Amino acid sequence: MDAFTELAGGFATALTPTNLLYAFIGVLLGTAIGVLPGIGPAMTVALLLPLTRGLDVTGALIMFAGIYYGGMYGGSTTSILLNTPGESASVVTAIEGNKMARSGRAAQALATAAIGSFVAGTIATLLLALLAPTVADLAVEVSPADTFAIMVLAFIAVTSVLGSSRVRGLASLGLGLTIGLIGIDPTSGQQRLTFGIAELADGIDVVVVAVGLFAVGEALWTAAHLRRKPIDVIPVGNPRMSRSDFRRSWKPWLRGTAIGFPFGAVPAGGAEIPTFLSYVTEKRLSKHPEEFGHGAIEGVAGPEATNNASAAGGLVPMLTLGIPTTATAAVLLAAISSYGIEPGPQLFDNEPELVWGLIASLFIGNTVLLLLNLPLAPLWARLLRIPRTYLYAGILFFSSLGAYAANANVFDLFLLLVIGALGFMMRRYGLPVLPAIIGVILGPFAEQELRQALQISNGDVGGLFDPLSVVVYVIVALILLWPLVRRFLPRKVVPSVLEEATHEIEEAHHHHGLTDSVSVPAERRAPDRRDEAGSKPDDGGTRGV
Amino acid sequence: MSSAAPGGTTEQGRSEYGVALFLAALGILVVVQALLLPESRIARGPVGPATVPIVVGALMVIVAGFLALDVSRGGRGEPEGGEDVELSGSSDWRTVLLLAAAFVANALLIESMGWWFSGAVLFWGSAFALGSRHYVRDVLLAFALSFGSFYLFALGLDVVLPPGILEGIL
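Protein chains in written order, with the numbering used here: chain A, 1 to 545; chain B, 1001 to 1170.
It is worth saying that the hints were derived from the structure and are not from the lab. Quick caveat: nothing in here was measured; it's all calculated off a predicted structure. Each hint should be verified, as a subset may be incorrect.
[What the hints assert, rightly or not] Here are a few chain A residues that face chain B, going by a calculated C-beta distance under 10 angstroms:
1) 170
2) 425
3) 427
4) 455
Every residue gets a Cβ at the ideal spot worked out from N, C-alpha and C, and that includes glycine.
Assemble the whole structure, with the sequences as input and the hints as a guide.
Take a look at the structure:
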């Protein structure tokens, strides 16, 4: 019951009028920015980072909790009303959600998403509160060698997400790690990759990297391919659900929570796989399987709950080990470190007020989200109609503002453009952005753990291997060599649910890439896909058997 | 999605090798720079300040090799889609360059003229580059945003953006 006492203390911190106001502003801004098309949750957090500079740590973190949930909910609104997932985790929501909206059930889709997010977020945050202190206690025992191994696992896991090209993921990771190397090496004091430029000595500010890769890269990329035809936003009234909608939603919400939280809590989970798993599960268990593909409410309720639960679950490794598994968590980690606080096992002992304040404000943010978003949905829908010229001009405007305000240095603005150009290139050639951002943020921590481990072992490389880290490295090797490993497995070992999920992911990736996917018959693209499958050696692991 | 890729398959195939080349070059740069680091006396054991850069650089070179192999076998990076993205045409470089120009203009003007001006130039220029032709409305909006954000940051967050030539007035 210790966690409850601590949590009560957390509420005492978070429930002051000022902090409540910050949570409120956070949710409001997070949703408003997150709902804008083209802006995913990670970009929302990155763009709003500078706004918290003037606040004290607690206030800033509380506002972040609001922005975090707000940004995610904003993303699902966009998915449902525009068929435009802001990030991979809401791809699934778009599948059924947009179909529902098209058949005049937008209000129900938004309602089941909002209430499902609330239910899942609340349960998952409770689990986080109960679980995190225990994990932190265990994590204290974890040696630097183990932490390093887990970080390597996180690197490999984010580069090998189902359905995307592995070699391109690794390329992106390499770019991120390289950016993370720039600056003075904290252990030896030597300048690395600074080329004598004084501004680079402190490394590149994470705000600049995140805003550059996400916001500027996205704005430039979209500008190069801007669709000039008017967009088609589905009008929406106040979200509401009928009794039968509730009856069909509550089980998917709970199942989604059960699927999402563990995936988020594992240092290599992420949100893409669990949301697809939830979708497939609901499709199988549904009494109306024929509705799937035409707007089944279960297909929105389940994945949305999963997404939120995995986001809360993702805070477990983030707070206890300092390992983020999603881009949004990575940006959050960077934000927390910028206050000189190092997330890790000691965090719960060193900064109890802060951590529990943060956890309490996750509950508050979640509640505010529900209270705000049900009545404000029509307003958010109207935001979707913002002229694209102003939207992307605004993104560049606020990106520059944020990057400059971080250090008041013009050099950062040029850097922002260079990193934006890098982001453009990555989007053009299909390099995923997530591994790069994880590499930038986690790379320096990983190096620190590695060198600490070797200092403990007095330079003996054998010090990197103990039972736990060996297990982790075996998992890493399995992930890396999966295409090879799979050939030796009997066919039935690959669970059919996973296989189906893989198939759905591939389908969605194809839809995602093609703008008018709705009107294009699937058969027409099928040969093209098979062609690609045959020719991509590194893609083997993602195919169903 | 290779067939929908801008510029056609063959052209993209060739430029995909450019990505591999870029990665390899960057990897080599990282390795060489690490090798040039002076010997450190503080570091103990096999991992000094140069080790991680060498590993990362080598990783990039290896990945570049695999990427080139993938491309030669017909693998293509899938250009990212999105709600406002139409991938059927080729890249609109004019828009991108105009945006970059507006961006650079802001960077060059922010300290001399002040954010109220450079930010407005950035917004107006970007809107123009993206095809907005409501010149007057855009100017008003641009200045509203730049002044608004100036005061928001100054009063709300205690961050003073450069006032430039309006120093003392704002």
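Hint check results:
1. 170: 5 angstroms, holds
2. 425: 7 angstroms, holds
3. 427: This interface hint holds because 4 angstroms falls under the 10 angstroms limit.
4. 455: 6 angstroms, holds
Of the numbered hints given earlier, the model fails none.
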